[in-house]
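A.B. asks: Going line by line, the protein sequences match chains A and B.
Here the first sequence stands for residues 1 to 869, numbered as in this note's numbering.
Here the second sequence stands for residues 1001 to 1120, numbered as in this note's numbering.
Don't read these hints as lab results, they were simulated from the structure.
Idealized CB from N, CA, C, for every residue including glycine.
You may find that some hints are simply not true.
Said to hold, decoys possible - Pair by pair, the computed Cβ-Cβ distance ranges are:
id	chain 1	residue 1	chain 2	residue 2	range
1	A	748	B	1086	26 to 34 Å
2	B	1097	A	856	47 to 55 Å
3	A	815	B	1097	32 to 40 Å
4	A	856	B	1086	14 to 22 Å
5	A	583	B	1100	44 to 52 Å
6	A	708	B	1086	27 to 35 Å
Unchecked claim - To give a feel for the contact side, a few chain A residues facing chain B, derived at Cβ under 10 Å:
id	residue
7	334
8	458
9	584
10	588
11	749
12	750
13	753
14	767
15	786
16	789
17	846
Stated by the list, open to error - Just so you have them, the derived chain B footprint on chain A, three or more residues with Cβ under 8 Å:
id	segment
18	770 to 783
19	829 to 839
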Amino acid sequence: VPRGAGAPVGPRRGTRAVAAPLPELFDLRVKARSLAYLFAAGALLGILTLLLPHEEGVRDLQLYVLAGIALAIALLVYVQADRIADWQLHLVLAAGTTILSFANYYTGTSTLYPLLYTWTALYAFYFFGLTLALAHVAFIGVSYAVVLAIQDPSSPAIRWLLAVGTPLIAGLLISRMLSRLRAERQAAQDRAQALRRSEARTRLVLDSAPDAFVTLDRDGIIRTWNAAAERLFGWSAAEAVGRPLRALAIPEEFRERHDRRRAELADSPGPVATQSYEVEFARRDGSRFPAEATVSKVDVRGEILIAGFIRDVTDRQRRQEERDALAREQAAREEAERVTEMISGMQLLVDAALYRRRLNEILSDVITRVPGVLNADAGVIYLVEEERLVLRAVSAGVPDADESDPLGFGEGFAGDVAESRQPALTHNPDDEDVRRLGLRDLDVNSMIGVPLLAEGQVTGVLVVCAAPPRRFVADDVTLLRLAADRVALAIDHALVYEREHALAVTLQRSLLPDRIPQAPGLLVAARYKPAAAEEGVGGDWYDVLPVPGGGVGLVMGDVAGKGLAAASMVGRLRSALRAYALEGHAPARVLEQLNRLIWTEADESQMATLLYVVVDPSEGEVRWVNAGHLPPLLVGDNGSPSFLEGGSSVPLGVLPFPDFEEVSARMKPGASVVLYTDGLVERPGKHIDAGMNTLAGAVADAPSDPEQLCDYLLHEMVPREGAPDDVALLTLRSIPMQDRFRFEFAAEPEALASMRSLLRRWLRHVGAADSEIAEMVTACGEAATNVIEHAGGGGEFALAGQAEGRRLWITITDSGVWRPPREGDHGRGLSLMRALMDTVEVQPTPEGTTVRLERTLEGSGVNRNGGPE
Amino acid sequence: VTELVQLEIEDRGEVVVARVAGELDIAGASSTGETIGGSVPTSAHGLVVDFTELEFIDSSGIAMLFGLARRLGSRRQELAVVARGGKAVARVLEIVEFERAAPIHETLDDALAGLSPASS
Chain A
1 VPRGAGAPVG
11 PRRGTRAVAA
21 PLPELFDLRV
31 KARSLAYLFA
41 AGALLGILTL
51 LLPHEEGVRD
61 LQLYVLAGIA
71 LAIALLVYVQ
81 ADRIADWQLH
91 LVLAAGTTIL
101 SFANYYTGTS
111 TLYPLLYTWT
121 ALYAFYFFGL
131 TLALAHVAFI
141 GVSYAVVLAI
151 QDPSSPAIRW
161 LLAVGTPLIA
171 GLLISRMLSR
181 LRAERQAAQD
191 RAQALRRSEA
201 RTRLVLDSAP
211 DAFVTLDRDG
221 IIRTWNAAAE
231 RLFGWSAAEA
241 VGRPLRALAI
251 PEEFRERHDR
261 RRAELADSPG
271 PVATQSYEVE
281 FARRDGSRFP
291 AEATVSKVDV
301 RGEILIAGFI
311 RDVTDRQRRQ
321 EERDALAREQ
331 AAREEAERVT
341 EMISGMQLLV
351 DAALYRRRLN
361 EILSDVITRV
371 PGVLNADAGV
381 IYLVEEERLV
391 LRAVSAGVPD
401 ADESDPLGFG
411 EGFAGDVAES
421 RQPALTHNPD
431 DEDVRRLGLR
441 DLDVNSMIGV
451 PLLAEGQVTG
461 VLVVCAAPPR
471 RFVADDVTLL
481 RLAADRVALA
491 IDHALVYERE
501 HALAVTLQRS
511 LLPDRIPQAP
521 GLLVAARYKP
531 AAAEEGVGGD
541 WYDVLPVPGG
551 GVGLVMGDVA
561 GKGLAAASMV
571 GRLRSALRAY
581 ALEGHAPARV
591 LEQLNRLIWT
601 EADESQMATL
611 LYVVVDPSEG
621 EVRWVNAGHL
631 PPLLVGDNGS
641 PSFLEGGSSV
651 PLGVLPFPDF
661 EEVSARMKPG
671 ASVVLYTDGL
681 VERPGKHIDA
691 GMNTLAGAVA
701 DAPSDPEQLC
711 DYLLHEMVPR
721 EGAPDDVALL
731 TLRSIPMQDR
741 FRFEFAAEPE
751 ALASMRSLLR
761 RWLRHVGAAD
771 SEIAEMVTAC
781 GEAATNVIEH
791 AGGGGEFALA
801 GQAEGRRLWI
811 TITDSGVWRP
821 PREGDHGRGL
831 SLMRALMDTV
841 EVQPTPEGTT
851 VRLERTLEGS
861 GVNRNGGPE
Chain B
1001 VTELVQLEIE
1011 DRGEVVVARV
1021 AGELDIAGAS
1031 STGETIGGSV
1041 PTSAHGLVVD
1051 FTELEFIDSS
1061 GIAMLFGLAR
1071 RLGSRRQELA
1081 VVARGGKAVA
1091 RVLEIVEFER
1101 AAPIHETLDD
1111 ALAGLSPASS
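Just chain A, with the same shape it has in the complex:
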């Protein structure tokens, strides 16, 4: 055994010192008792020789005494065998040699007593080391030599040699034999120790192993039980070893299986077989745990053992379960996300359905969203148009769909869906269908088509396609049906909306005056700009109407709401306002009537703002009533802007009897008034005052001509991409009078008042007195009346004036043939003209007739360019 190799092997199991002496073959007790037996036997043998007939010359008494001493020593040593010390044994043995020497002396030279020395010598060789044994032999030699010297027998040397030499040789042989015996025993002990050490190491390994290690014999009896097994099962090794495992750790219902498996394993051919089992074990406290047992059959020199590692897999199972739970949660979350995405996709479709917009927008919106909802690769929408399916929208993945080829019902995949009104799923799409969809580059492996149904009618077909790895399943059909319901709704809404929108636009356009009535001395221009988004036809409207006395009524209104309802309300307001205004009602009274109309007749809470402005150029003032509308902007003849803030009241339809107040302001010739709706000045996120300030700033540099002014303001105020709301704009300019003027009127009775109004303004401008004005207006009226009477309800006539100092020329020109006034009542016209003017000339020409009137003003002309025109 390599001594040095024995490293300290742990405190627990311990070990002996490495430098151990050769082992004693016998312990002290055995030595002592053997010595005691030797003494007793010697004494008894001595006594026996005395009892037998023996030679003369033997001193029997002395010998009996010696035998007695020997027996006494034997008894003492035997009794003290457990307490005797090594040196005492040597002393006793030396005493024995001494007793033998005395016995030899007392028996004389004739006896064979020297043979007895062999006893003590052999004892020494047998029980003591070689050196000490030789010392005892030396002592024997000395003491026998002393005896021989005293007895002086014959041939003493031979006697000595024989008596001492014999036990010496025999003792040496015994010593050698025992020495070998010791060496073998030492080797055996070393092997045993090495084995123990190895076992300890193995045990340590096993004990420190996290897994329980158990060995069983073929009957199931536990042979090995490591520390982990102790911890795992709750049984200590001392308790477990030697007992059957089945009783200790196998739950009752598994014991038969345990027996069967153990037998199978033990009987399996070959020296070693390994099996793994997922099993359940019971602990000492009865609790159970899942375990993985890896068992092997081990053939140890013919003995069949079953060795097994047992691993508690509770943790592993828990971790596995946690992993499984995590995976399930992950999957559930992914599913939830997918569903959420799908639902939000659906919601987008619903939004598309609810948000009223143009059909094309909805279609393109929907077709980009549907493939996302379904995780499809492409999608198209067919709409039914004139009994055929027309491809109307394609998703991003469909670059070259065949749009020129409408499908009949029952024709192709989409046609079949439309005809059967049932969804269809195919995993073998027809090549022709794939070609129609322009999907040649896509390896379409499945295709779903669902009909779009609105109120039981097929309005279209929605088709989606998938390419690997995606492959549609039946659930996808259900999903697409849901999507299709919403798409159908959206399309239906869009169609209805577009019809309604078109109707409303038409109606609204028809409500706006197609021709701005011309008023002499006033220029009016209007613009209507629909909102960019075209979400619905707004309720903005305007009107321009002549009012009695030659003035012009300007109307700007905004009916709450949009679409058809608003448009029809505008229509009613417009008719009513015209009727009331033309009856000659004052502006405030007109608005009261309109308010009553809305208040009493509107089926729901309708509301409308309305601004009614009357410009009477001959009076040089502007009058207005404002029902909740934005104030008109007056642009002075010097370009200075001011909002006409007064006269504001609540919108129409809010109160049953609101007070409308008519307010007036001076309006010089050359001034303009601007009416508008909030679409012009209202911008998202900005206060309306900001927009109004912008408007006021814009007019400062604006051209004065109303048409140009409108264009300028729209350009300045409305973003290039269009206003968020409809914009209505109405501008009026009072033209400054010159010494010359010319204006054309329709040849109809209604034009006469305007003509007179203009004429009064001009005459006032050139400085005519009131009476002169009245007379000249009457004269011109006669001329115009004559034109109108003969025009037969068509054509135009022109009124022109020219002033040179105090002389005035007024001409009325028509395009017809002058007919002399008839006799009688109507003949008074010409006589009136002649009475009222200085000269009257009628100049018939082939193109028409010109009546030329001339008069020189009286007075100093102080009125000229002063006072109201």
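Take the given structure of chain A and dock chain B to it, following the hints.
C.D. replies: Just chain B now, kept in the frame of chain A:
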């Protein structure tokens, strides 16, 4: 369609008073004449046409007035016209010598008083 003329007719039993305001031209003359003429019952003694508030009159209005005068005259009913002197209407009436057809008074009271009383 312009309603330049405002007409107010008051039946005072013996006398009908028609107040004409605004501007009377070819657009409204004939209808105004018809209305006034139709409002005078045969039992009435006479008609006063009050032009106090009238701003303008042309030959159409004058013709209407002469028409009324003829119509009343044929029924032996009297006509009087109120027109303030110095105003355009009075000037026109003067030019066409309407005085020959019916009397022109400065005020309504004068006109009513000027009508030959039948019973009062």
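A.B. asks: Each hint should be assessed against the structure and marked as holding or not.
C.D. replies: Hint by hint, here is what the structure shows:
1. The hint said 26 to 34 Å for the Cβ distance between residue 748(A) and residue 1086(B), and at roughly 32 Å that hint holds.
2. Checked against the given bound of 47 to 55 Å, the beta carbons of residue 1097(B) and residue 856(A), roughly 25 Å apart, lie outside it.
3. As the Cβ distance of residue 815(A) to residue 1097(B) is approximately 34 Å, the hint placing it in 32 to 40 Å holds.
4. For residue 856(A) and residue 1086(B), the Cβ-Cβ distance of about 21 Å falls inside the hinted range of 14 to 22 Å, so the restraint holds.
5. For the pair residue 583(A) and residue 1100(B), the beta carbons lie near 36 Å from each other, so the given range of 44 to 52 Å is not met.
6. As the Cβ distance of residue 708(A) to residue 1086(B) is approximately 45 Å, the hint placing it in 27 to 35 Å is violated.
7. The restraint placing residue 334(A) at the interface with chain B is violated, with a minimum CB-CB distance near 75 Å, outside the 10 Å limit.
8. Taking 10 Å as the C-beta contact cut-off toward chain B, the hint placing residue 458(A) at the interface is violated, the least distance being around 53 Å.
9. Annotation: residue 584(A) was flagged as interfacial toward chain B, and the flag holds, the nearest CB pair being 5 Å apart, inside 10 Å.
10. With a least beta-carbon distance of about 17 Å to chain B, the hint placing residue 588(A) at the interface is violated under the 10 Å criterion.
11. With its C-beta approaching chain B no nearer than about 4 Å, residue 749(A) sits inside the 10 Å limit, and its interface hint holds.
12. Given hint, residue 750(A) at the interface with chain B, holds; its Cβ is 5 Å from that chain's nearest Cβ, closer than 10 Å.
13. The criterion of a C-beta within 10 Å of any C-beta in chain B is met by residue 753(A), whose closest approach is roughly 5 Å, and the hint holds.
14. Taken as an interface hint, residue 767(A) does not check out: its beta carbon lies about 18 Å from the nearest beta carbon of chain B, beyond 10 Å.
15. The interface hint given for residue 786(A) holds, since its Cβ lies 9 Å from the closest Cβ of chain B, which is under the 10 Å cut-off.
16. Checking residue 789(A) against chain B: minimum C-beta separation of about 7 Å stays under 10 Å; hint holds.
17. A cut of 10 Å between beta carbons decides the hint on residue 846(A): the least distance to chain B is about 27 Å, and the hint is violated.
18. Proximity of the segment 770 to 783 of chain A to chain B, defined as three or more residues with a beta carbon under 8 Å from a beta carbon of that chain, is established by the 7 residues found.
19. Coverage of the segment 829 to 839 of chain A by chain B holds [criterion: at least 3 residues with CB-CB distance below 8 Å; count 5].
Going through the hint list in order, the structure does not satisfy hints 2, 5, 6, 7, 8, 10, 14, 17.
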